[in-house]
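Peer 1: This is what each chain is made of:
2 protein chains.
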Amino acid sequence: MMVLITYDVSTESEGGKRRLRRVARQCENFGQRVQNSVFECLVTPAQWTDLKHKLEKEIDQEHDSLRYYFLGANWERRVEHVGAKETYNPQGLIVL
Amino acid sequence: MMVLITYDVSTESEGGKRRLRRVARQCENFGQRVQNSVFECLVTPAQWTDLKHKLEKEIDQEHDSLRYYFLGANWERRVEHVGAKETYNPQGLIVL
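These protein sequence lines map, in sequence, to chains E and W.
Start counting the first sequence at 12; every next residue gets the next number (this note's numbering).
Start counting the second sequence at 12; every next residue gets the next number (this note's numbering).
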């Protein structure tokens with residue numbers, strides 16, 4: 012399933028930058044970084060349980076937030092990109 | 012329909028900060044800012060055409076990007092929030 016993950020963190024502090032790097036690293040195991048703090052992850056339900064657990068350990072829950080959007084099976088129909096930076100489809104097709 | 016809008020812009024420059032403020036202002040006419048550069052907008056197809064046009068005029072398409080996710084009618088089932096900052100449902104219910 013496709014899960015869109017958005018992460019709100021202040022990157023003005025070193026701690027925030029570090030947390031963003033760690034969240035990105037976890038997400039990139041399952042998909043791609045489409046914007047600075049937006050990730051599209053293609054996961055099985057078991058992988059999602061594991062990834063979610065890891066992400067929620069990395070963040071500072073008092074100051075940061077994660078938001079998950081479950082885009083379902085037909086997620087490619089749901090996405091449109093405008094402006095800088097092409098991105099790739101983790102299932103192998105280019106999505107501009 | 013619910014459109015999730017994510018905006019990637021460098022806010023290190025004054026120009027970037029100004030563009031983010033303007034994009035936020037447009038989006039807030041139709042919904043809410045759920046994270047610093049993530050907006051959930053509840054629009055009719057005609058409103059969407061208008062909003063999309065305005066957003067794409069505001070951004071610097073060489074350096075910034077907008078990404079749109081069309082979450083459909085059952086969008087509330089698709090969203091989960093973790094960590095700081097509660098947010099509200101533009102249809103009137105609280106979504107945590």
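Worth flagging that the hints you see were computed from the coordinates, not collected in a lab.
Treat the hints with caution; some may be incorrect.
Pairs count within a copy or across copies, as identical chains cannot be separated in the list.
Stated by the list, open to error - Lysine-lysine pairs mimicking PhoX-like chemistry, simulated, CA-CA at most 20 angstroms apart:
hint : residue 1 : residue 2
1    : K68       : K96
2    : K63       : K96
3    : K68       : K28
4    : K65       : K28
Peer 1: State for each hint whether it applies.
Peer 2: Results for each hint:
1. K68 with K96: Only across copies: K68 and K96 sit 17 angstroms apart there, 30 angstroms inside one copy, limit 20 angstroms.
2. K63 with K96: between (27 angstroms within a copy, 18 angstroms between copies)
3. K68 with K28: Only inside one copy: K68 and K28 sit 16 angstroms apart there, 30 angstroms across copies, limit 20 angstroms.
4. K65 with K28: Answer is within: at 17 angstroms inside a copy they meet the 20 angstroms cutoff, but 31 angstroms across does not.
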